[in-house]
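Trainee: Working from the sequences, and respecting the hints, build out all of it.
4 protein chains.
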Amino acid sequence: MTEPEFAGSNPVWMGTTARREGAEWVLRGHKWFASSADGAAFAICMAVTSPEAANVYRRASMILVPTDTPGFTLLGNASVMGERGGDWASHGEVSYQDARVPAANLLGVEGAGFVLAQERLGPGRIHHGMRWIGVCERAFDILCRHAATRELAPGKPLGSKQIVQQGIAESRAEIHAARLMVLHAAWRIEKEGAEAAREEISLIKVTVARTMQKVLDRAIQGLGALGMTDDTPLAWWYAHERAARIYDGADEVHLEAVARRILRGYGMSTR
Amino acid sequence: MTEPEFAGSNPVWMGTTARREGAEWVLRGHKWFASSADGAAFAICMAVTSPEAANVYRRASMILVPTDTPGFTLLGNASVMGERGGDWASHGEVSYQDARVPAANLLGVEGAGFVLAQERLGPGRIHHGMRWIGVCERAFDILCRHAATRELAPGKPLGSKQIVQQGIAESRAEIHAARLMVLHAAWRIEKEGAEAAREEISLIKVTVARTMQKVLDRAIQGLGALGMTDDTPLAWWYAHERAARIYDGADEVHLEAVARRILRGYGMSTR
Amino acid sequence: MTEPEFAGSNPVWMGTTARREGAEWVLRGHKWFASSADGAAFAICMAVTSPEAANVYRRASMILVPTDTPGFTLLGNASVMGERGGDWASHGEVSYQDARVPAANLLGVEGAGFVLAQERLGPGRIHHGMRWIGVCERAFDILCRHAATRELAPGKPLGSKQIVQQGIAESRAEIHAARLMVLHAAWRIEKEGAEAAREEISLIKVTVARTMQKVLDRAIQGLGALGMTDDTPLAWWYAHERAARIYDGADEVHLEAVARRILRGYGMSTR
Amino acid sequence: MTEPEFAGSNPVWMGTTARREGAEWVLRGHKWFASSADGAAFAICMAVTSPEAANVYRRASMILVPTDTPGFTLLGNASVMGERGGDWASHGEVSYQDARVPAANLLGVEGAGFVLAQERLGPGRIHHGMRWIGVCERAFDILCRHAATRELAPGKPLGSKQIVQQGIAESRAEIHAARLMVLHAAWRIEKEGAEAAREEISLIKVTVARTMQKVLDRAIQGLGALGMTDDTPLAWWYAHERAARIYDGADEVHLEAVARRILRGYGMSTR
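Chains as they are written, first to last, in my numbering: chain A, 13 to 283; chain B, 13 to 283; chain X, 13 to 283; chain H, 13 to 283.
For the record, the hints were derived by calculation from the structure and aren't laboratory data.
Hints may contain errors.
If chains are identical, the list can't say which one is meant, so a pair holds when it fits in one copy or spans any two.
Claimed, not checked - Okay, derived cross-link-like pairs now, EDC-like style, lysine to aspartate or glutamate, Cα gap no bigger than 20 angstroms in a straight line: (1) K168 <-> D110; (2) K173 <-> E202; (3) K226 <-> E131; (4) K43 <-> D260; (5) K173 <-> D153; (6) K226 <-> E253; (7) K203 <-> E131; (8) K168 <-> E253; (9) K43 <-> D243; (10) K43 <-> D110; (11) K43 <-> D242.
Mentor: Shown next as structure tokens:
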């Protein structure tokens, strides 16, 4: 098996366990930031099932847990950037206290947790890239519309200021580059599969998220106080899409994975 | 009179007017982002009183308006980064519909509005610099505490990662620089007065606000998902202190004012 | 005629003139930074021929001037980043003192100077983008090879440092994005012509030049003192390719042109 | 003894040795980038004298070696950014082939090499900071003078462009901050000694060098092609002062040292 992509998902460090008792799995543990747990009918619990497996990436499994299972508790939703959210748009804190589910609730085979996560996360990340391009384009449109129409003085629109122009053109260049990277990665996934496009997927994960942050920042600055208000979606994106550089692998983790892959190609051992 | 510092506060462009009728001022206009209007006993209204004055910076005056004056209406508070706020912590939309106040409510002399605003805003800006240094230090402390104690794997704290270390040291350097600039400006204000320290005040306005944004961004990235939650003050600051680069003169406006001042020293006419 | 792309090439501001005398053009003027003038058999002189033309972009013409024409003098080559250069690799200072050439030496029609320049410069700029991608790739390769093999301590290569890894992966992302932009622009030029791809060409002019500067800077930093020496081509590129953000339209000029084009699409008048 | 500041100067990794034979030291090794070796009367050779010392930072010593000592050879000067230099302004490659010098040529006591280096380098670094501030100020002055006088069109100086103004004001802010940091560090060295100011010295080493690079880059961009020529000192500084982020401890090394120091204050073990 190839090197795992994310140091963050360290199986040695995983606290939730599932032990087999007869025809059941007994789960014990505590999960934080379980997105969309609120209102869900079932959870997919990643738990250590084979703590002694030689390959550390074969120690965990995914198990389906109906949320009405005794021992499963949604302790509450985390408040994120001022919003506790609810239902799909939420990040729950979940507890498993000897929650019992049928053995058949195992997804795939025992120890396949990491493989399954990778298979879903890998291509899943490109969807974020696509969505973020959409956010970028909308923010760009709001900025341009404002710059073209908001007058600083009679007959002198905001967009006549050179510094606003630089930000608009730089945003255009960055969004253009980000879109081409997403299209290219999608093309490669289609042609050669997600595994072959791993590097490209990591690069768009980092690049598009950073581009979005820059474009949103420029748009807010361009709109001034209006950009801080909820009269446009800019403020919400600025606050909540900040998470884009963190979830599904932080920037630093993806960049490290890409670099290690490249350096192995130059003969460097990265263990 | 020296060139006004902020192109944004263009008196030609000011819509609210106050005309004298007998012993009263009659105010008409609409104000947006009137901070702390909610719950206030009176407003200080900046209104054009001498539209024909040759010196455009002598056209506006400041007038006290009790908030129970007929014709004064607080239309509501703007929702900012998801929070509508209230009382002191609010940004109201205010309407003056032929609101009448005694002539004696004029602050200073007629046409002194800009001069008064400058006298208050100038030194007032340094207080933001001081407060932002406080935000920086607290964010820095939260990041360091987390980096020193959060383990990525047993015995391997987050702070052992070189990229986290770079961010911590760069933050230290930037906060250190920002603090020295604030102390220096305060010293100059004390020694020579606010007018002499105008350039320094503009530079800290821009520098400390940008430093704060960078430090908060690094702290959130360092804390990961935890940084996005309201379990620390980082998320609130990240969202709400974004306004620091906008209020009391946007970055671009301060930088332009400083550059024009410098270039005049090189003989360039800046009209 | 559409708005000229570059404010820099202001025909009102052009000092060299060519006046018609019988069957000859008589040229007078002084040119600086005439690249490859040294060793050239002829110059293409851009000169004002119709100073009164209503359309200012129809005032100048291109005229062939053999370098052995009396009145044509190559005053010398400018020393650039420590090198005076020579022959093709040079930037000459040229003087025209009543240099006379046959009327037939006019390229195209009178007043076509700007149109011809645009036709050559437009697509010409993409060739720089292609060449700079080559510089980026070679610099990247030098950095990776060094990082993979240079040991900080026995068994600990430079490339094991996380900050080096971040720079390598960020460079990979940026070069990848830049290459896709160049390929896309080339595809568009082929499909729709250079005029249709004007925005894309400006964006790669800026983006690839900046990417190259960043990649070279990281490579030099990664190689340390070795990166400063002429034992690798990095130092030469770092010094001499700095011009990439200046020649054929400075960053600021291209960005301004792109933004104005975009803002016109939003109804803003940009004269 | 406190943790050594620079991982780069790893004594385990030092190749040059000096072994005692009677009343002499016999040196063997090869040194690269020995600044100012060309024309020097003597070298100060850092060599491993006690390879078995438990404290690795007590293994090396400094020994005076007259350059006419048999076995001492200056192999040549490295070509740096296109210049091989000479005399004081040079970086030599030096060879010690059983070069013998009297035992009395040892500086201080055996094993004191690192301590001596630190004592000289520490305060020595602040002198670079001071010198770089001078470079910054001169570059800033060249940029402002050019911006104020160079006309883009009649009556429209370069300095009227907002993007030029932003760069001028940002440079002013950064140079101002850098100078205050240098003054503060100097004051602390004077009051409490170089050891107490170690963190401040590292921070100015990084901050001033980076500020200088940014200011020089903006100045060259502002002057355009002229900035690339040797008609101003900007080009030389741009090329040669690039080394400032490398010599006397690279940025990354200083930042890492500062961060580790800070994190130890938060209880993190950094070995």
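Trainee: Starting from the hint list further up, note which numbers the structure goes against and sort them upward.
Mentor: Violated: hints 1, 2, 3, 8.
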